[in-house]
Structure formats: C-alpha cells, structure tokens
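With the sequences and hints as input, model every part of the structure.
Chains as they are written, first to last, in this note's numbering: chain A, 32 to 123; chain B, 2 to 655.
One or more of the hints may lead you astray.
To be verified - What follows is a list of derived Cβ distance ranges for each label pair:
hint : chain 1 : residue 1 : chain 2 : residue 2 : range
1    : B       : Thr-156   : A       : Arg-54    : 19 to 29 Å
2    : B       : Asp-108   : A       : Asp-46    : 42 to 52 Å
3    : B       : Ser-92    : A       : Asp-34    : 28 to 38 Å
4    : B       : Val-149   : A       : Ala-57    : 18 to 28 Å
5    : B       : Thr-526   : A       : Gly-48    : 50 to 60 Å
6    : A       : Ala-57    : B       : Ile-358   : 21 to 31 Å
7    : A       : Asp-34    : B       : Phe-631   : 44 to 54 Å
8    : B       : Ala-96    : A       : Asp-34    : 32 to 42 Å
9    : A       : Ala-57    : B       : Thr-473   : 39 to 49 Å
10   : A       : Asp-34    : B       : Asp-108   : 34 to 44 Å
11   : B       : Thr-526   : A       : Arg-54    : 51 to 61 Å
Unchecked claim - To give an idea of the interface, some chain B residues facing chain A are shown, with a C-beta separation under 10 Å as derived from the structure:
hint : residue
12   : Phe-218
13   : Ile-221
14   : Arg-353
It should be emphasised that the hints constitute simulated quantities derived from the structure, not laboratory data.
For clarity, every value in this text was computed on a predicted model and none was experimentally measured.
Just so you know, even glycine gets a beta-carbon here, dropped at the ideal spot from N, CA and C.
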Amino acid sequence: MSDAGPLTRVLAAIDAGAGDRDRIVAASRLSRDVVDASLDHLLRIGRLSQESLALGCPPTGCGGCSSPTGQGCARPVSGPTLVALTVRRPHA
Amino acid sequence: MSAPEQQPAVASCHSPATGRTAVEGSSVVALVGAPNVGKSTLFNALTGAHRDVGNWPGTTVEVGRGAWSPDGGTEYDLLDLPGAYSLDPLSPDEALTRGLLVDVPVDERPDLVVVVADAGRLARSLYMVAQLLELGQRTVVALTMADVAARRGVTVDPRALSGAIGVPVVAVDPRRRSGAAALAATVSAALATPVPVTSYAGPGAGAESFADADRHFALISRAVEAATVEDPEHDGRTFSDRIDRVALAPVLGPLSFLAVMWLVFQLTTTIAAPLQGALDAFFSGPVSTGATRILDAVGLGGTWVQGLVVDGLIAGVGMLLTFLPLMAIMFALLALLEDSGYMARAAVVTDRAMRAIGLPGRAFLPLIVGFGCNVPAIAATRVLPDARHRILTTLLVPFTSCSARLTVYVLMASIFFPGRSGTVVFVLYCVSILFVIGVGLLLRGTLWRAMGDEPLILDLPPYQRPTARLTTMVTWLRVRGFLRTAGGIIVVTVIAVWALQAIPAPGRAGSFGDVPVQDSVYAATASRIAPVFEPAGFGTWTATSALLVGFVAKEAVISSWSQTYATAEPDDASSPGALGDAVRADFAANSGGHTSAAVWAFLVFLLAYTPCVATLAAQRREVGLRWTVFGIAMQLTIAWLVAVAVFQIGSRLV
Chain A
32 MSDAGPLTRV LAAIDAGAGD RDRIVAASRL SRDVVDASLD HLLRIGRLSQ
82 ESLALGCPPT GCGGCSSPTG QGCARPVSGP TLVALTVRRP HA
Chain B
2 MSAPEQQPAV ASCHSPATGR TAVEGSSVVA LVGAPNVGKS TLFNALTGAH
52 RDVGNWPGTT VEVGRGAWSP DGGTEYDLLD LPGAYSLDPL SPDEALTRGL
102 LVDVPVDERP DLVVVVADAG RLARSLYMVA QLLELGQRTV VALTMADVAA
152 RRGVTVDPRA LSGAIGVPVV AVDPRRRSGA AALAATVSAA LATPVPVTSY
202 AGPGAGAESF ADADRHFALI SRAVEAATVE DPEHDGRTFS DRIDRVALAP
252 VLGPLSFLAV MWLVFQLTTT IAAPLQGALD AFFSGPVSTG ATRILDAVGL
302 GGTWVQGLVV DGLIAGVGML LTFLPLMAIM FALLALLEDS GYMARAAVVT
352 DRAMRAIGLP GRAFLPLIVG FGCNVPAIAA TRVLPDARHR ILTTLLVPFT
402 SCSARLTVYV LMASIFFPGR SGTVVFVLYC VSILFVIGVG LLLRGTLWRA
452 MGDEPLILDL PPYQRPTARL TTMVTWLRVR GFLRTAGGII VVTVIAVWAL
502 QAIPAPGRAG SFGDVPVQDS VYAATASRIA PVFEPAGFGT WTATSALLVG
552 FVAKEAVISS WSQTYATAEP DDASSPGALG DAVRADFAAN SGGHTSAAVW
602 AFLVFLLAYT PCVATLAAQR REVGLRWTVF GIAMQLTIAW LVAVAVFQIG
652 SRLV
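In structure tokens, the structure reads:
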C-alpha cells in the first residue's frame, strides 16, 4: 500500500473504517495537507459524494411535527452543518 | 506567443485591460492558481492596476491584463486568469482557464505560467503545477501566504520545494509588495529556457484520469514532505481543534455530551418551575373562574357544557400549556448547542458508538432527530441507503425519547422527586439510549446478523458563536409546533376523553355528563386492561387510561390525567398541587408501598412503548404495515418486560 498513490491510500483508509480526517491521516501516513487536498480532489472527480446532514429538526412533540409535510426534517437547519463524505464506487 | 497574437483569444473572453497594456511583442505571462490564493493581489502589485480583489473564491471572473515592467526596461504582458484548481474544469471560470492554457494551439499559449500557490494549503495549490509540467509548459511557482502558514507553525522552504517539484519557486508577499524582484528575475530566467517537449495529450478520463491524478498527488506528496517544516513547539490547532480534543475524545467525548445534556435538563427544569407554576395558577384560577362565570351568565352553568369547557378543555389543554416555558427553555438551549456547532460533535460521538457496537453508522442522524420528534426521525431514515438499515433504524427510533415524553417526565418527577427533576429526566434519556443500543444489538443478533456498512467520513464544521436571530427563530419554530399540538390533536383528544368520561359504563348508574368518572366507559375500558400492569406496580385504571390515551400523543397523558382527576389546581406556584396529590395517592395505594419503584416502572414503560399515532403512520409509510405491527408488538413487549423488571427489582431494593 505504501507504493500506492495518495488518492488510493486515502480511499483505502476510508474503506478500512477511518471516519474522520485525523484517522485518515494516521491510516494513510500522509500529511494532513495532502489528505485534505486528496479529499477535495476525490470530491471533484466524484469518487466521494458530499451531503450536509441536518441535525436541526424541530423537536415539536410526537404527533405535532411542525414540518409542513409531516415528514423529513423541517427547515431551517440550525447551526453549522455536519458534512458526510461517502465513497462512490466507479462503474465496472 | 507574443502580446498582439494573443489579443483576439483573450479579448473574446471579456478581457478588461485593467491598466496599461504591454508593448507589442512582449512575452505573455499568465497568473493561474486556485481561488483565494492572492492571485489578483499579486497581479495588482506587479502591474499597478486595481482589479477588484477580495478574500472570497471566484473574485476573478474575467481575464485581467496589464503590463508588467519589473525593471523599467523589459515588459511582460501579464494575464490574470480566473481562479482554477486544476485543468479539468468544473466551472466556467476553470473552463476559461483551461481554454487559454490547453485548448488553444500551442503557439497561442502563454509563454510562461506563474502558478500562485498558497503556502498554507500547499498540496491543493500544487495540483495545477503537476498538470502544467505534464503539458510541457514553462512554469514558475509564486509562493504566497507564508505568513498565514507561519501562524499555523508551518514553514515552506522554496528551495526545497523547487528541488522536489522541478520548477523554480519564489516566495512573494503581494500585500507588502515583497518578492516581486525575485519573481521577475526568475521569470526572466525561465523564459530564456526552451519550452519543455512533451508527448502528453492532456488529462484523460475515467480510470486513466484517476491514475493520472494519483501520480500527480504522489509528486505533490513528495514535494510537500520535502519542503514543509512544522514547528513542533507551535500548537497549530485552532480553537475548534482544542475544544474537540475533549469533545471528540473516545471516553471524555461521550462523558462530556452526557454532562452537557444533564446541564440542559437541570437548567430547563430549574428555570421553568416558577413560570410553570404561575401558568398553572393562571389556568386553574382566573381562566377557569372566568369561564365558569361566563357559562353561568349564559345559563350553561352546571351543565355538561361546563364540564367540557372547564374540566375538559381548560383543565386538559391548560395543564399542557403550563409546560410551554419548560419546552421553550429546552428548545432554546438545544438551539444554542446546534448553532454553536456542538451538536455536530455529539453526532460524531454517537456515530462512533454505533459503529463500535456494529450498528449502521449513518443511523445516528435519524436517532438524534428522534430525541426531538420521532415523526421526522422516521422520515430521516431515508438517508440510509440499505433497506435493512432503514428497517432496523425505523424500529429503533421510537425508543429515542422525544420531547413530548419530556412533559410527562417532568410532571412525574415534580410529584415524586421534587427538586431532582433535571436528574430524573437525564436518567430517562440515558435509559432511552440504553434501549436503542440494547434493542439494536438484539435485532442485529437475531434478524440481521450479516449487515454491512458503507464507509463514511464526517467532516466537522468549526465552532461558532451562536446568533440570537437563528436561536430565536429555531426556538419559535419549535414552540409553535408544540402549540399546534396543544391546539390540534390534544384538543381533539381532550374532547374524546371527556365524552368517554361522560358516558356511563354499561350497568352503572348515571346519565350523559352526570356520572362519576370511575363509573364511565373510559374507566371501565381501562379497568379491563389494568391488571396487565399489576406486576409493574401501576395496575390502576387511572394509569392505564393515561397510557391508552398516550397512544395518540404523549402530551395527552397529562391532559387526560388532569381531566380524570378533575381537580382545580391551587395557586401554589411551585408544586403540582392537587393533581399531584391524586397521582401520588394512586401510585402509593396500588404499588404495595413501593411507590418509587412503581413510578420508575411507569416512566420506563412510557418511554419505551409506542410513541404516538403519527409515528406509526410514518413507520407504515416508510417500512410498511408488517414491520409497523412488528414494531408495536416489540415495543409493547419490551416496555412491559422492562417495566416489570424495574418494579420487581426496585420493590425488593427499596
């Protein structure tokens, strides 16, 4: 694995269960700067997908969800957003 | 290419001549680089022009052009190309940069490219360099932001970087106009060298493109390693990093989260208590008295209408509304935590815990939402790509203790454990977490033994100072939702409960609206089920009927009790008054003297059984009727078993 390129090593670290940047840095043995740049690049080329996770649903009491549709998280999302990056497999 | 030759190509790309243009035949030098690296500032420093610059991405949306005369003699035609991270465009800005560097004929390309690289984010800046080298382009790196990197304890050695990446590197500081002479000398020297020969045809696609990129990153990694020195004495961590050392630590992180939540509940119950008492006195005093007088005045005093309005709507809905300050304070505190960024840390801590016990990592999101309200939490299971994960999480969500249950916890705690309401609520939320973990493990060990999980990275935002506007808005949204519940489904439930309490049970004396509540259809129905709860210590029709009504919504437990006991609240602003006395007496009389054990059993049952009909509807919509029925049966069974265990064990200990 040490002969593999940084992008491959970062993907391998994620596959192995590294769930945040610090763990990817530790698993890939790359510098944080290179890991950050690699993640950015993997996002650009579509090997990672990015989504904001809304944690700010209104706790309005069961049976009284204020979401207009009664389903899903009502907006606005409160506070800084947690971002999830998910590995996307290339088509065979 | 020389200045006049490139004019049509650049002019077609909206090139504003932002200053004096270079004399004909001057070498064309292009400034490129990622957005926000100081490229336009450097352009202004070199040409004396005044392009619009700022510290946000995408500032440069056009091609700037000006004359650069470093020594008063030699002159270069300097282009300021739009911000671009690479030559594989994702935006019109990047497409324009690629168009001018790659897609034009070789003889129309700039004579030299200066890549402006941010020393603080060196790896990201060097990708363009790697691509340009492969294209056979004369390249020089202008290293900016060295001061920013230094503040983070990072020093970049231009000489070492040059040796590693194979192009000249010059440190510049365009804001202080330093390094310009060195850059000019380096550009001059580079222009004197022949254009590198290459057979490279440009970036590829698919797997080939990934391999190219990986090769570029290998070069970048070696260059960063060779050129970057981190000061071991310098704590390069940001404010967020320092807090996260505790907030995300394996052991301290979860403990901190629990401590924060205890504080939230403690503050909520302590601050809300006097306000709650005042509202209680208001509804049971002036509002009830006023309504009675009005009904008397219109000739409806003493009729079933008075029973419906005063003992039903005002007692039931009014009792629930006394919890408004409590809910508002808790919503505000949670909004502050969300707005500060702390809740994102709680999510990461939860995610780790879930993965550690083999539950799907991404399920933390609906489960956290569930602590607010189970209905959107069920819908939020859609973030889970695997159907089995969705079903599993949908079955677990009802065990997350929603805010509706909080009202009952606080009422019971204030009756039986006065002064310790915050801690009682905290314990129940911990029990809720244990339910989620325990039932999750149970289901994973039985129904879904083989369940994979997709890799997932959680990227945390930095902490920020909460804003009053957002906190107020979110709090109001949630308070409004609580009021809608009180004004909607609870009103309907109160009327239904009142009607059932007004109808005499078969074989009992009385008429509609004139029957003791214990002789009503309501009590008779609950009495048939009550024996089921005797092993749990609360086998009374009063407790059972409240749990039955709680199927509709948990807030209805409070309103129904208020109707059942049909008591007027005293003006005491700090105690639950006569309702509390009645509930206390009921539990004491039917628990064999083990009141506390029976109360805890009741609270645990209330926590674990079906949350409300809206949650059931959401479950049916997401996972179908079969799993919904399975969920109801599972929750009732688990709730009953644990409640019985709590009472049986508790009654022997206390």
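Structure-based check of each hint:
| no. | hint | in the structure |
| --- | --- | --- |
| 1 | Thr-156/B with Arg-54/A: 19 to 29 Å | holds (26 Å) |
| 2 | Asp-108/B with Asp-46/A: 42 to 52 Å | holds (46 Å) |
| 3 | Ser-92/B with Asp-34/A: 28 to 38 Å | holds (34 Å) |
| 4 | Val-149/B with Ala-57/A: 18 to 28 Å | holds (25 Å) |
| 5 | Thr-526/B with Gly-48/A: 50 to 60 Å | holds (53 Å) |
| 6 | Ala-57/A with Ile-358/B: 21 to 31 Å | holds (22 Å) |
| 7 | Asp-34/A with Phe-631/B: 44 to 54 Å | holds (51 Å) |
| 8 | Ala-96/B with Asp-34/A: 32 to 42 Å | holds (35 Å) |
| 9 | Ala-57/A with Thr-473/B: 39 to 49 Å | holds (41 Å) |
| 10 | Asp-34/A with Asp-108/B: 34 to 44 Å | holds (40 Å) |
| 11 | Thr-526/B with Arg-54/A: 51 to 61 Å | holds (56 Å) |
| 12 | Phe-218 | holds (4 Å) |
| 13 | Ile-221 | holds (6 Å) |
| 14 | Arg-353 | holds (7 Å) |
Hint check: no violations occur; every hint is consistent with the structure.
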